[in-house]
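Now for the letters of each chain:
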Amino acid sequence: EDQVTQSPEALRLQEGESSSLNCSYTVSGLRGLFWYRQDPGKGPEFLFTLYSAGEEKEKERLKATLTKKESFLHITAPKPEDSATYLCAVQASGGSEKLVFGKGTKLTVNP
Amino acid sequence: SQTIHQWPATLVQPVGSPLSLECTVEGTSNPNLYWYRQAAGRGLQLLFYSVGIGQISSEVPQNLSASRPQDRQFILSSKKLLLSDSGFYLCAWSGGGFGEKLFFGSGTQLSVL
Chain A
57 EDQVTQSPEA
67 LRLQEGESSS
77 LNCSYTVSGL
87 RGLFWYRQDP
97 GKGPEFLFTL
107 YSAGEEKEKE
117 RLKATLTKKE
127 SFLHITAPKP
137 EDSATYLCAV
147 QASGGSEKLV
157 FGKGTKLTVN
167 P
Chain B
-6 SQTIHQWPAT
4 LVQPVGSPLS
14 LECTVEGTSN
24 PNLYWYRQAA
34 GRGLQLLFYS
44 VGIGQISSEV
54 PQNLSASRPQ
64 DRQFILSSKK
74 LLLSDSGFYL
84 CAWSGGGFGE
94 KLFFGSGTQL
104 SVL
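Residue numbers (the working numbering), protein chains in the order written: chain A, 57 to 167; chain B, -6 to 106.
Errors might be hidden in some of the hints.
Said to hold, decoys possible - Restricting the straight-line Cα-Cα distance to at most 27 angstroms, the calculated cross-link-like pairs of lysine-lysine (DSSO-like) are:
#  : chain 1 : residue 1 : chain 2 : residue 2
1  : A       : K154      : A       : K115
2  : A       : K162      : A       : K125
3  : B       : K94       : A       : K115
4  : A       : K125      : A       : K159
5  : A       : K162      : B       : K72
6  : A       : K162      : A       : K135
7  : A       : K124      : A       : K159
8  : A       : K119      : A       : K98
9  : A       : K115      : A       : K98
10 : A       : K98       : A       : K124
11 : B       : K72       : A       : K125
12 : B       : K73       : A       : K162
13 : B       : K72       : A       : K115
14 : B       : K72       : A       : K119
15 : A       : K98       : A       : K159
16 : A       : K124      : B       : K72
17 : A       : K125      : A       : K154
18 : A       : K159      : A       : K113
19 : A       : K159      : A       : K119
20 : A       : K113      : B       : K73
21 : A       : K154      : A       : K124
22 : A       : K135      : A       : K124
23 : A       : K135      : A       : K115
24 : A       : K125      : B       : K73
25 : A       : K135      : A       : K113
26 : A       : K98       : A       : K154
27 : A       : K162      : A       : K113
What the hints assert, rightly or not - Stretches of chain A that chain B covers, calculated by requiring three or more beta carbons in the stretch to come under 8 angstroms of a beta carbon on chain B:
#  : region
28 : 101 to 112
29 : 153 to 162
Since the hints were derived computationally from the structure, they do not count as laboratory data. Ideal Cβ positions, reconstructed from N, Cα and C, are used throughout, including at glycine.
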């Protein structure tokens, strides 16, 4: 069974304090790994898709990386507006095209 | 551009009452459509997905059902709600195919009392 585990569950940072969120996954074969941002009471918003180990993608203060077993979302010099829950999801090869999501990491950035 | 509409935003229903949540997508044709539920501490759980009109796949046995009467319309229903049906319901669409990202609606917060 495909599984996604995110850590930590919650993370508090001071503005400007860089850190990383972790997404560990177990799939029969990885088609894609997805990162989403979710604000309270809203639907998730797409950030990145990573397809193969060694791949990296950046958007503003966020950088996502992928290995054969996990992905990291690095946040450089975060601002209060980066506060949100960050979700990781995987799509396995074979079978359906559905995404399997982790429980998310709730990030709070204090000014 | 493509947009996804989901309503209502919030809903309070008594146990045993029926449910109907509707989702429509604009600006694309033949999308894959999904219903997810997000409960506290459990993450996003896939309930149903559809690759075409009248084609519904169920992921979790429950008292919910889904229908796709039109290409860009997806409906989540229940004949009798349970307390355990409370949660945040999200509709999503994708272009289909592996590696395609999901686009989510704004969600419906359902409270069953």
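Non-conforming hints, listed in increasing numerical order: Violated: hints 5, 10, 11, 12, 13, 14, 16, 20, 22, 24.
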